[in-house]
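Two chains, two frames, some hints: make the complex.
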Amino acid sequence: MTTLPQTTEKKLGLVIDLDICVGCQACVTSCKEWNTSGYSAPLSDQDPYGSDPHGAWLNRVHGYEIGDGETSLTLHFPRSCLHCEAPDCVTVCPTGASYKRAEDGIVLVDPDTCIGCKLCSWACPYGAREYDYAQGVMKKCTLCVDRIYNENLDEEDRVPACVRACPTGARAFGDLGDPDSAVSKSVNDRGGFDLLADFGYKPVNKYLPPRPRRDSNNGANTPFLESTAPGANGAQSATDRFFAWADRMLAR
Amino acid sequence: MQPKIDTSPKVADDIKTTTCYMCACRCGIRVYLQNGEVRYIDGNRDHPVNKGVICGKGSAGIMQHTSPARLRAPLLRVGERGSGEFREISWTEALDLATSWLGEIRRTDPKKLAFFTGRDQSQALTGWWASQFGTPNFAAHGGFCSVNMAAAGLYTFGGSFWEFGEPDWERTEYFMLWGVAEDHASNPIKSALGKLKSRGVKVVVVNPVRTGYGAIADEWIGIRPGTDGLFVAALIHELLTSQKIDLDYLARYTNAHWLVIQNPGAHDDGLFARDDDGQPLAWDKGSGEFASAKSIDIAPALVGAFTLDNGRKAVPAFQLVADRYLSLDYAPDRVADETGIPAATVRRIAAELAEAAFDKEVTLDVPWTDWAGRAHDQMIGRPVSMHAMRGISAHSNGFHTCRLIHLLQILLGSIDCPGGFRYKPPFPKLIPPHVKPTGKPGEVKPDTPLPGPPLGFIEGPEDLLIDDQGVPTRIDKAYSWDAPMAAHGLMHMVITNAALGDPYPVDVLFMYMANMSWNSSMNVPAVLGHLTDKDPKTDEYKIPKIIYSDAYYSEMVAYADLVLPDTTYLERWDCVSLLDRPVSQADGPADAIRQPVVAPDRDVRPFQDVLLDLGARLALPGFVDDAGDPRYPGGYSDYIVNHERAPGIGPLAAWRGTDGGEYGRGAPNKNQLERYIENGCFHYHELPENMRFYKHANRDYLDWAKGIGFIGSSEPIVFQLYSETLQKFRLAACGHGTIQPPDTHRERIETYFDPLPFWYAPFEESALDGSEFPLHAITQRPMHMYHSWGSQNAWLRQITAQNKLYINRQKAHELGLADDDWVWITGHLGRVRAQISLMDGTNEHTVWTWNAIAKRKGTWSLDKDAPEATKGFLLNHLIGELLPERAGGYRYSNSDPITGQAAWFDLRVRIEKAEAGDESRPQFEPLSAPHLVDPPDELEYGLQFREARP
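Chains A and B are the protein sequences, given in the same order.
If you read the first sequence in the numbering used here, its first letter stands for residue 13, the second for the next number, and so on.
If you read the second sequence in the numbering used here, its first letter stands for residue 97, the second for the next number, and so on.
Be aware that one or more of the hints could be misleading.
Sample of chain B residues facing chain A (criterion: CB under 7 angstroms; computed from the structure) [to be verified]:
| no. | residue |
| --- | --- |
| 1 | Q98 |
| 2 | R135 |
| 3 | S155 |
| 4 | N283 |
| 5 | Y309 |
| 6 | D314 |
| 7 | A447 |
| 8 | E1034 |
| 9 | L1035 |
| 10 | R1042 |
Note that these hints are calculated values from the structure, not bench results.
Please read all numbers here as calculations on a predicted model, not as lab measurements.
Each residue gets a CB set at the ideal place from its N, CA and C atoms; glycine is no exception.
With the rest of the complex left out, here is chain B (with noise of 0.2 angstroms):
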């Protein structure tokens, strides 16, 4: 007898949406809720970065909520630093303190505050109260995760990959994947291979590993890590020889035609040749004349070499282009060794791209209006995309090579049209954006906020937060001569340059999110000595005090003084803002909001609530009204409804004005999260047909872009193939101009700020002796948990709890080396235990392993005999933060020259057989974790709604 069951229970007392928090993607998600608890979360079909599906992060949300490491009241530090010795306070106590803390500093000396905030998804608050309190200390953690990409992009083409903008999925007909991405953008590109595949469109994975997205690749060139930019510029080389490029697009929306002074040795020698107007110039074949490039009503001349009317000789940017990637230097047999990849294969994978762009060409019968006013009765594309993230963007070359894949991108006509790879609006931006940073000397002051953001890009010597001596004024040195086009800032600098006083120390570290003494620092060992060291004669911390936010009890936690508890990313507000990170389609903007959908139940407090509480307690300019009472009472969902950032423009973009009836600029609107609310928590302008294809030269799109705030300007936006901006750093470097880099830099600044992007091999490499050190050891990010958030997930961690080395089959053979043997990984830094696995699937020059998954004994809730923390390891312990000595005894950081991308990639190490054993090494002491609810032995989540249950 069959039972009976029932198939229609109740599934949720009440669905609420929000957006995940899982990692990056911040997919819309719905949370099923019974008798107040988390039943079941899963994607909104409404959505539009997941339509409806969710990853295996975003469904285990439920165990990331209920961890145990969830901090549960504000905690002020007894013992030593790293001791773990907490006493619970409270958030009087707690917000009395820091603000005495940070009121002496800005009474004082700003920047004696370092503000920096991990993985923040509100920056464009934290950069704002950064800018208000006055000090330019502030960065997320884009300098050690991706500036590489976004600097490349932006100084190139006005874009990027990720949030910038995305492949034209839909139309594609070649695909190439470039690195590891299986962190950013996860749901978007897991969806769109699984389409792509099935449409029988060619997908093609660059990486050194072929896991994830590597496996079901068609092609999977397992590549040698730092390399990649020779095979690109393979591909480029290929392509020119073989006349398989878009001229037409080239002159169209390029700077490909702009003449270039070539005047060796003097001050403007690689400068654009200009008309009495400051436009550049270019040759006009028609009429034999120079006429001004921008001109529509040229014939410009690609090739070539021109005579100016002072006797300079200057040529078009292409010509400089042909004659660099025509060079047998990158012809496919001469990158053949250095990459791994035989000549045939980069020869056949150039054809494939030639003949996806020029054979598969795609048209829509669509309308539209180029920038000079011309009507076009149909939008023609290239259908050849890409993607790239980290493992372009982690090397110390990384700036370059990411220029040289936009290049190969342009050359082949395929930005944003049908079928290549398309801008997400707010960008296109102008190149580069239009916001430079501020906290040169004069700019920081005693009470008083910065004239401007503290992050931007800088389009020449001149912009640089240096002082009269060079002398960085930022701590982390970013815009200084180490790290000219930081972009984003080096958060991985900032202890250690704080901790030597190098160039200055500072007095409080105020750090949300950013686990900074384990998985996100390199060299470890040296940044938890740098946090404890005190100063001899005084016996005080080198890094005076410490503030620290995060949710649950992670590494940083125990090297805090003050201990500021975050709420889950289910008890909050917040907010994805165009004026930040947004959530936007290549189709159109998109920003999204958190609510709350269940209440906290320890003492904690949302961080963006903490600091617009602590802005106004110290009274800075914005959070206070006039009669200095708190501006946002109500906290940060008062912030984000209230808050304007120019007159109309505030932190979400849709119904806005007294009504709620505009987009884009508006009043404010109280209604205006309710709104949010009802739409499912987000709020998606899709733009019309004629509005989105060449956005950057689309006359609709400009103007209604300038109309709305994202640009400055309706002027089109043309790609800088050749980059003056960098140039000007060059002539510097030769010794032009007053703001010129001290000697020790000369020779770096003019080596690498080449207006053209090259390849050069990865400093680390350089500086090694291959033969102590053969192997290149990289990360990788398993796609269920890629940050340290993951480890106290009670599912995900039934996964993955022991991170092995990877290593080439036939390599580990070569060594005598069998699988679950134990090995030493040395660096030059020193050396790390790890138990291997064997894989065909790697590059023979390679090991990996999984990124952060390691743990240190006693945090995050785990028992001290975790495999995480037993047998688990970090490369990190081997990676160095600064560069070995130079000439001089000065030390670069272990970043990329131009934007002091922290250069993760670049470890070079050598694999011994270990002795056997069952722990991984180093050890570090255990932490001690007081003041949180003890872990179950035993779960049975769902217990409590089966009873609740008829």
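Next comes chain A alone, as it looks inside the complex (with noise of 0.2 angstroms):
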């Protein structure tokens, strides 16, 4: 058993909207490309070129409909740790590889005690640990510990990977525990929500969710535009009308 903080000074997390996600896996690839020699280095691959191709990612996007018919959406689901501040991820932990960060609430990995039971990977209900075969431990989201603090990049380079490289700008970073950060205002104005709140980990990641489609199944009622009926018994019919108000005096 591994024991929790009772708190953190900040609750360092990311925001996702997924309003904007177009499920174009660029926080998918980035995240892998940086942690693969980063700290979780190396993020390994089977069978890279063969039947069953598969490996360790921290960060994956799922895309899928939901709802039926005409009001159905596709949505994409980008899915990683949660840094949750109950999570039994951690507590799982028999030899206290699995950890919170007391400073920063991040939830890490010690490759060098983890044992590679996989306790963690059962005990998290949002499926966000990866196991590397070729390593024989368990690899997770680090929220890139070893970026956001790091001197030796540039001071708005210190975001996570998948939040660097997001072209639509659906992943932010930020204190969650910190009302007034900008990423807590977003989560307050939009309605952000925790994933699967019901089982209590209490996620410090945090969806935004789709803004309401503005088509026809969602009110959207601009009148139509005017004169657009033929006129009936030799009344001046719309494209007779049309002309007369296109004959007019016209500069160049």
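See the structure below:
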């Protein structure tokens, strides 16, 4: 059993905007590319050119449809560790390799003490832990702990690789423990929500829901343009009215 | 006890900038190097294209660069073609051989070389090489990609989508995206969509399939494929009847008021009425007289009918526009069945467009001067913008559909105004650009360059590349009566035509970076036959010699006789040039370079170096100096700096002049590449505010653009709603003039060369029985992997290694199909077996799949049981390269009749449940791939860097 800190100084995490995620996978491969040479190096890949290529990825994006028929939506859903405030994945760890950092709340695995027992991956309901078959240890999102404080990077680059890459701006990084942070404000403004809140793990990462679509199913009702029907019984037709309107003095 | 970790580890020994090549977006990237290896790639924040972001492909660049499928040395075929049996040879032997093959052709008949360059980003060099060689048979992949878009735009308003222009993302109030667009301009569109949605701007996506960008649209319009033109025309109908168009804009910037002669049956019918100086005429309502249409002192009539002095009737072009689209044929309720879009939706979208354009006018307090020298205090715009690409392009009605989209934009007054659709310099160009293709019969001569470029823009039948019998002079029949306004050539027809000797056989087929034996060809089985067919009399291949350059072991490699291995994009110099396909922004021109950031570890050479070397060995003019020595002994980087296309104008625009102080024109600067590298491998020349809008009619912009050679004249560029060029072909078809189409082609030319855009059903749909083939079959492009290079990428293929056939859920239920069933997809050419997936967000008459996932066994260093090969499938096998035989036995290519654009998306099929199985069909004989490294069973990329750290 591994204990959790009573509180953390910060609650660093991600806010992911499902309204503008197009499922491009930039965050997925950028994460893989940074982290395969970063704190978690390597993130190994098995059978990479074969029939069943698979490897350790700290962030994945799934695409699927929700709803039925005309009111259905295609949704792209990025999934990574949510850095929960009350994560069972840490408390089940028999060696203390999984831990939650007191200073910022990041949940990490110490590869030197992880024995690869996989209890943590069974405990995580989000499927956020990834077993590295080559290294025999568990890997997971580090919130790019080797980027966000890294003085060898430009200050504006001190964000997780996924946030740095995201072309649509669907990912934001910040302190969700600070109600005045930009990420907290966006959660407040947009109705950000916890994934599987009922489980009680108190995820730090939040998701922003898709904005209501403005199509005919959702009340788009700009009035039709006028004079669209042909006139009847000798009344001037729309065509005639159009030519009368267009036959005007124009300047070049 | 919490472990102590190093949160500030070293990230790189060095970070080098260059330009991405994982697709055609060409973002600025920074490559992190450690111990001479690539550790990480991110986006360059300063770069105008991506502004720091990077996509799923770009971030997987390491796996592209280290792929086991990389070719390692020149190869000479030793077995039969297609066997994959090669021996490694030296570059000396390879270049000697190529020189002897090519030299013989050049001495005898240069057109016997067909040089086609696929996804080439160096067409300014490759096209010039072809021209200096003297063959007209050159093109890149535009003919099977997006020439309908380029041609329709350039013949209508002197610009186009993508590299030619972009929405004013910052100010637009309404955005419509037509068709699949996840391929081109990928990061700028993604970034913009995020901002538009956050700003509350409505995003409408018109696409039979709801994936990618469509998934986040406010409104997804799941149109039936190939009917977009009808939808656009109905929007135009609705806007006209409600008087929601910008007449002032039309009078100022278009040929709406130019008078069109109405003289049915005569040689001048449909041409513009002109004065003695050849200037188009208008009717001046102020003076009640005819006047030059280009005069600014007139009140031009846009409607009415007028009698010219010789008794002929003439009407303003706009009268013809209004007559056509006011027709009830284009009324919303008439198009509802064909398009699948309810009339109420058409009418509402029209109302939304009008509301954005006319009620949300954008005003910038920026003074500017118009073409006539008149000063204006403000720039006023109609903030409606659009983007379209392959979904519109890849139909046989794509040219006219694209023209319709531009007509809609122009009627709303939304071209190059604040909030509208904006040109990216060097566009706008004259309409059409004043570059004509060369390669007429007398222009192709032994040991002689062409008098100009092989590709260009024709202005009438007199510019066609045909002999006096009407036979095409080009192997792909571009600029012939088959595809008069080809502009980008028809690469998709080269192998077929060459093997059939139609219009003539070639001796050497030389290709670069084009997977023409697989996903870039229509009717793959037939094309494989053409590549391997022999003449029974001589036992020689019908295409005698094939030279191919690629960086990877693609499906095409096994069909080459001589393989010239290219480098990866991180190992080379390149030039993203304003002479070619630049990375400009609406606010100013931009160009860029690639620099080698790592050295090749194989015996490979950049293709452009090889081409320069071959040019020198062949002593092509321009490639050798007066003494006959290579003019660019330093290779491509030498050429990039020192080549001048015109005095002072070279591949790169910035830091010219001996001291590097000149932009656009200036002497070569030996330090130019260093200056580009210092600046992040790009240069972005931001225009002053007064030049940023109305570039087609902005005095300061036009003068500046002429000065640096973007345009040959600073006359305003007048939008051609009515295209006289098209009418000239129609007149020829009607028996006028000395150059007329053969009788087999008359009806086709007369029908499709309509000077105003119109909608017609795509050819395959018209030709086939709808009850036998009731469904459309199209492809979409996965954002993380949209051409064949992706499949060797160990990371990207973990995201998608098998494509399925997606089908509307309700339709599947009607057909008794369930998720993961195997089906036969049957088209008129044959059938393909694939696995299906059900989806609500698919048009009910449509099935679709991801493009270019499937691979042939044995290629790309994939195991023979890789899902790409065993379960992946191509629709290409079902897409005919030729249309069914017509009366008289003639077979046209399966292309747009105006431009020759490949009609990939015209395919019609039926779906039937297949027996259970675990492999797609057809399966082709596995290719063997010798001379590559063995792919590893496991990757631990990055371990080397961990060990390098303390």
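Hint check results:
1. Q98: holds, 6 angstroms
2. R135: Check passed: Cβ of R135 (chain B) comes within 5 angstroms of chain A, closer than 7 angstroms.
3. S155: holds, 4 angstroms
4. N283: This interface hint holds because 5 angstroms falls under the 7 angstroms limit.
5. Y309: holds, 6 angstroms
6. D314: With a closest approach of 4 angstroms, the D314 (chain B) hint holds.
7. A447: holds, 4 angstroms
8. E1034: Because about 5 angstroms separates E1034 (chain B) from the closest Cβ in chain A, which is inside the 7 angstroms limit, the hint holds.
9. L1035: Hint on L1035 (chain B): holds, closest Cβ of chain A at ~4 angstroms, below 7 angstroms.
10. R1042: It holds, given that the least Cβ distance between R1042 (chain B) and chain A is near 4 angstroms, below 7 angstroms.
Of the numbered hints given earlier, the model fails none.
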